[in-house]
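Trainee: Knowing the structure of chain U, use the given hints to seat chain L on it.
2 protein chains.
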Amino acid sequence: MLQTRSGKRTAPAAVKIAVDMEGEGLIDKEAAIMRIEPAQIDQLLHPMFDGSELAAAEKLTKGLPASPGAATGKIYFTASDAEAAVVNGEKVILVRLETSPEDLAGMVAAEGILTARGGMTSHAAVVARGMGKCCVSGCSEIKVDEGNKELTIGNHVFKEGDYISLDGTAGDVLKGKVKTVPPELSGDFGKIISWADEIRTLKVRTNADNPRDAKQAVEFGAEGIGLCRTEHMFFEEERIPAVRRMILADNEEERREALKFLLPYQKSDFKGIYEAMGERPVTIRLLDPPLHEFLPHTDVEIRELSKQINVPYENLAKKTEELHEFNPMLGHRGCRLAVTYPEIAEMQAEAIIRAAIEVRAEKGLDIIPEIMIPLVGLRTELADVKKTVIKVVDQVMADVGAKFDYLVGTMIEIPRAALTADEIAKEAEFFSFGTNDLTQMTFGFSRDDTGKIIKEYREKGIFDDDPFQSIDQVGVGKLVEMAVELGRQTRPNIKLGICGEHGGEPKSIDFCHRVGLQYVSCSPFRVPIARLSAAQAVIRNR
Amino acid sequence: MLQTRSGKRTAPAAVKIAVDMEGEGLIDKEAAIMRIEPAQIDQLLHPMFDGSELAAAEKLTKGLPASPGAATGKIYFTASDAEAAVVNGEKVILVRLETSPEDLAGMVAAEGILTARGGMTSHAAVVARGMGKCCVSGCSEIKVDEGNKELTIGNHVFKEGDYISLDGTAGDVLKGKVKTVPPELSGDFGKIISWADEIRTLKVRTNADNPRDAKQAVEFGAEGIGLCRTEHMFFEEERIPAVRRMILADNEEERREALKFLLPYQKSDFKGIYEAMGERPVTIRLLDPPLHEFLPHTDVEIRELSKQINVPYENLAKKTEELHEFNPMLGHRGCRLAVTYPEIAEMQAEAIIRAAIEVRAEKGLDIIPEIMIPLVGLRTELADVKKTVIKVVDQVMADVGAKFDYLVGTMIEIPRAALTADEIAKEAEFFSFGTNDLTQMTFGFSRDDTGKIIKEYREKGIFDDDPFQSIDQVGVGKLVEMAVELGRQTRPNIKLGICGEHGGEPKSIDFCHRVGLQYVSCSPFRVPIARLSAAQAVIRNR
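These protein sequence lines are chains U and L, in that order. According to my numbering, the first sequence is numbered sequentially starting from 696. According to my numbering, the second sequence is numbered sequentially starting from 696.
Worth flagging that the hints you see were computed from the coordinates, not collected in a lab. Computed from a predicted structure; not experimentally measured. Take the hints with a grain of salt, since some may be wrong.
Chain copies aren't distinguished; within one or between two, either way the pair holds.
Said to hold, decoys possible - Calculated cross-link-like contacts (lysine-lysine; reagent style DSSO-like; alpha-carbon spacing at most 30 Å):
1. Lys724 - Lys1058
2. Lys1173 - Lys1190
3. Lys786 - Lys844
4. Lys1121 - Lys1173
5. Lys1173 - Lys786
6. Lys898 - Lys870
7. Lys1013 - Lys854
Next up, chain U with everything else stripped away, as it sits in the complex:
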């Protein structure tokens, strides 16, 4: 032999080779597992571009690879236009400055999503990954004119209906139509993953907030839900008017009236999720975003809404003005809402518990809900909201004449919570590390504003990795380790997991394994990657 070189192989080939070599006794299962790049599993789960068409395609620009896969379609600039085009049989790429919860239906309809702003954990990125939908975000070189429906990239000007393609795995935006091929899940894939399951010690849960995603995650092997966000539930068409009435209410009585309307919807949301998960644990997070996210922002939208719900424009404008914040991510959100408006937490807790009771009665499933209180920084804060929750749960159980278990815990995402985790654990029965926000606050980097800065820092060698993708082990990781140690000091059996996006990233999963978390939780399409990575972490760290 004169020379040897590593042979590059596609994901399907890598899996086949590893499984075949194990079958032939050339390598053992652990070696087979170590031969697979977790990123390759991504390729197996998402559409890819046809190889020759991809080679011939023109790369227009590059953004962040926010959600893997390949997509090709006609450009539309609003969620409703995208939906309408899909109903007409078209394949669509949704192009926006950034997305927000109101765009959800358009995002679901599209083949892929392209945003000019945002980072790896902005709304578009997180939601797209949750759905397994291709997404390129933080694409700062594109100009999106939503008013005139024009997308400009360098010298190219694209109008509504023009074709464009997105490579969510590389972060590339390609010109025109490029053929995609569907994902390939073979029997060999199932073998490798089951070997991984035998070896790993970390459990793998999923971040999902609707039955469709929950089912998909279970199919991919998820062992529970680590994070069920409740925000999107509030945005749905038949509920958003009541949500807005609640926000615009002048007193507690009016707020409770609106919340009463929402209760049955919330309850049915949770029932659907419990049923999809069977008896796997489900962690539900109380309302997290600041209230102004539920109100319209532009003057035109405010006037529209004013007519719709028959509230004077001035009242709406005034409320929007009052709720304005300079730094919304550091403002009146998370558990702070529950402290100010305990009735919101009461409604959600009631829905969570009644849903569990009804599913037990109707389907015989023994649900143990895990109620998660977000953005806690002090034990006293957590105690205040926990008291609200327990009061309601006790009331419901007395009301229904049923008793059962549930847990109340918290996200660890505020640096102070990690620093004082021994105190927090006096109230919290579990910790889930919200590493998106923890990274945001530990670095002082806004997730939605620093895509460009992070890119520059990586180019200049100031960062090796994007800390929103791969956990910063030296800094943020130190807080996680501190919280694990202090938490266990107070409550030796405290449940410990992670639900930030890092929970689906291989290097971060290795870290989670080493510091002794019990589970990672990630979007459904990352669950297989997490299962493999968790096994690799065991093998690597022997």
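Mentor: Showing chain L alone in chain U's frame:
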């Protein structure tokens, strides 16, 4: 004796009694020092209300006691109207939703400042305290209509020119005109403070960014400048056009052109400060705020500026749009600006050094500038900016043929910097704890948005103190202690100080003493309080 009760006394009385009793040999100096409440010193340094007029006055509402003292005057709603009225011989209270650096001249002219928004460390609060100007901020029950020039408090509607009074020590807003009496600094006061100076180990510096405040601070006993902010210098009338040209520039060459124009102004700013401080140490912070703070925000203002500087409205509007951030406090600011635009840091460093060289030559003062790089989170980031600074300093010294000492250090205000202070100290020759921002990020509480939440949390017993006033010893304090220990591990002689607002607050000063900082730095009018508190810290912790 049938009964004894503590006698309440005014500040002048308390000082006289303590000094007299020491003089009579009834108590020693330490006991005398411990008999003075640091808050009482505030009363001695600021105007107070005439006792009987205060008792008769009607209290309209309460806000945050952002800066102590008493003020009475006619209401004006803009900085320029306030200035004009003062030129006409009127006494003015400036009433705003909030203030920003552009309002500075109006704030200087007014007797006192009232803002509806903001907290204890918002712009109005910090600047007012710096000037010893009475200020009530975060006054959420007032409605300020700047357009119609109307102030509504409950049933009262005040128009421009109506009288109102502010008690900045209590946070009260009073109706109409209430007589004030000037401050009373007696010889006894000087005695007590000099005894404190004999006992304290903490040095006391000041936060000042102009010669007037610096001189005032020196008169009050400041031993240096712990924080010279450079922002306000950029807002001055003859410079702001060049600052805006720099921001709107399309390339580095245009930016440098604008910066060249600013250099001589910056240099003369620093010369004035050095001369006011003599050879006392001066720590200068490189540009900190996000660039959009220097551009107009409303459409009307953008159009005005467009005409003024002859730049097309569309260009201005587009740039303002590009610079928009969702969470500016976590965005492109601090050292991140210096990484992206090293030319800005170069200009400032050149100004700092040339000013020192010239003052040495002209006045024989041996200045050792301390150049402080803000918002650092990683060693690599600090190294990048430090390299830029050193390159310029070396160039200037070679150019001028002079050599002298200077320090390069950093604010510790990003949680990650505290967690990895051993790394940071490899580059930083000093740490100054920016506890305003450190509190903001450790709690995830926006300084400008959470006044109301903090008030609620205190009412509900979730907080004992406002963490922006009195340092959170358990959480934020843990990071400070960590940074002190890790910093000294790497650089045993590292200089350690604090420049956040906590540096002037007694309980926080006690903490600073206990953890081993070398100096605290606070606004000029708090320097005497800090001197007394530092002595009390020694005595208390013996």
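Trainee: It remains to establish, for every hint, whether it holds in the given structure.
Mentor: Comparing the hints with the structure gives:
1. Lys724 - Lys1058: Answer is neither: 39 Å inside a copy and 78 Å across each miss the 30 Å cutoff.
2. Lys1173 - Lys1190: This pair counts as both: shortest intra-copy Cα distance 19 Å, inter-copy 25 Å.
3. Lys786 - Lys844: Classified as within: same-chain Cα gap 17 Å, cross-chain 54 Å, threshold 30 Å.
4. Lys1121 - Lys1173: Both: 21 Å inside a chain and 19 Å across chains, each within 30 Å.
5. Lys1173 - Lys786: neither (45 Å within a copy, 54 Å between copies)
6. Lys898 - Lys870: neither (41 Å within a copy, 64 Å between copies)
7. Lys1013 - Lys854: between (37 Å within a copy, 20 Å between copies)
Going through the hint list in order, the structure does not satisfy hints 1, 5 and 6.
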